[in-house]
Structures are given as structure tokens and as C-alpha cells.
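Visitor: Sequence:
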Amino acid sequence: MKLTRTEQLLKKLQNDCFFDSYGVAVGLRGDECFLHSENVNADTYFDVADMGKVLVTAPLIFQLIGQKKVSFDDTLERFFSDVPVKKREITIRQLLTHTSGIVRIPLPAEIAETG
30 MKLTRTEQLL
40 KKLQNDCFFD
50 SYGVAVGLRG
60 DECFLHSENV
70 NADTYFDVAD
80 MGKVLVTAPL
90 IFQLIGQKKV
100 SFDDTLERFF
110 SDVPVKKREI
120 TIRQLLTHTS
130 GIVRIPLPAE
140 IAETG
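Each residue of the sequence shown is one higher than the one before, starting from 30 at the first, in my numbering.
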């Protein structure tokens, strides 16, 4: 499998300094179809941003909602007794949709510079 347009776009973004390193892997039914990386080694750090939410958190939340154990409108206060007053009313929905007002903490400089 050849992903020429994808490779061209990634190279352009790298050249335009959107990122220094990248890795792409595409698989189908357990078989590796495409694998390409630039400036990646065993010590490369990646800011995976919200991938954890997509792959782990959201499916688990949907399971719990299906089991009627939580709802999108449950607040942090329900789960954390020591949550600061200003954050008590933040809902699961707001956390999942980036509308909670909680700011992203940037990577420490020493990590950001290596990945």
C-alpha cells in the first residue's frame, strides 16, 4: 500500500515546523499495510493529546452510560469529594467535548524539544 498524498502532507507539515518527528502505521485485519517514520527512535516522545480519550476513556464512559452507572451530566463533585469549588459543576460531557474550561498543560520543555 502506498500513501503518497499522506506522505507528502506529513513531509510538508514537518518542513513547515508543525512537528519534528512523526510515525504512521496503517494495518488491515492484523496485517501491516504501511509504515513510515521520520526522526523517530526508541527515545522519541510523542504528544498523543487526546488519543487516550478516543481509544480508552470514551468507550469506557459509553459502557458505564449504557449500564446506567453514570450520565453525561454527572459532575466532578459526584466522583471527587475534594474537587475545588470552581470545578465542582464540570460535567463528563464537558470533559469529553473540551468545554470544561480546564486548560491544557503543555509538555515540559525538555520533553517537547526531543519529540
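Each hint should be verified, as a subset may be incorrect.
No farther apart than 30 Å at their CA atoms in a straight line, the calculated lysine-lysine pairs in the BS3-like style are these [said to hold, decoys possible]:
#	residue 1	residue 2
1	Lys82	Lys41
2	Lys115	Lys82
3	Lys97	Lys82
4	Lys40	Lys82
5	Lys115	Lys98
6	Lys97	Lys115
7	Lys98	Lys82
8	Lys116	Lys82
9	Lys97	Lys116
10	Lys31	Lys41
11	Lys116	Lys98
These are calculated hints, taken from the structure and not from any lab test.
Visitor: With the threshold set at 30 Å, check whether the alpha-carbon distance from Lys115 to Lys82 stays at or below it.
Guide: Holds. Lys115 to Lys82 sits at ~23 Å (cutoff 30 Å).
Visitor: Do the alpha carbons of Lys97 and Lys115 lie within 30 Å of each other, as the hint requires?
Guide: 27 Å, holds
Visitor: For Lys82 and Lys41, compute the direct alpha-carbon distance and say whether it is at most 30 Å.
Guide: 28 Å, holds
Visitor: Under the criterion that the straight-line Cα-Cα distance not exceed 30 Å, is the pair Lys97, Lys116 satisfied?
Guide: 24 Å, holds
Visitor: Hey, Lys115 versus Lys98, does the alpha-carbon distance stay inside 30 Å?
Guide: Measuring from Cα to Cα gives roughly 25 Å; hence the hint holds.
Visitor: Holds or violated: Lys31 and Lys41, Cα atoms, limit 30 Å.
Guide: 17 Å, holds
Visitor: Within a Cα-Cα threshold of 30 Å, do Lys116 and Lys82 meet the stated pairing?
Guide: 20 Å, holds
Visitor: Is the hinted pair Lys98 and Lys82 satisfied, with a Cα-Cα distance of at most 30 Å?
Guide: 19 Å, holds
Visitor: Lys116 and Lys98: Cα distance at most 30 Å?
Guide: The given pair, whose Cα atoms are some 21 Å apart, holds under the 30 Å limit.
Visitor: Measure nothing beyond the straight line between the CA atoms of Lys97 and Lys82; if it is 30 Å or shorter, mark the hint as holding.
Guide: 20 Å, holds
Visitor: For a C-alpha distance cap of 30 Å, please report whether Lys40 and Lys82 respect it.
Guide: 27 Å, holds
The earlier numbered hints are all upheld by this structure, with none contradicted.
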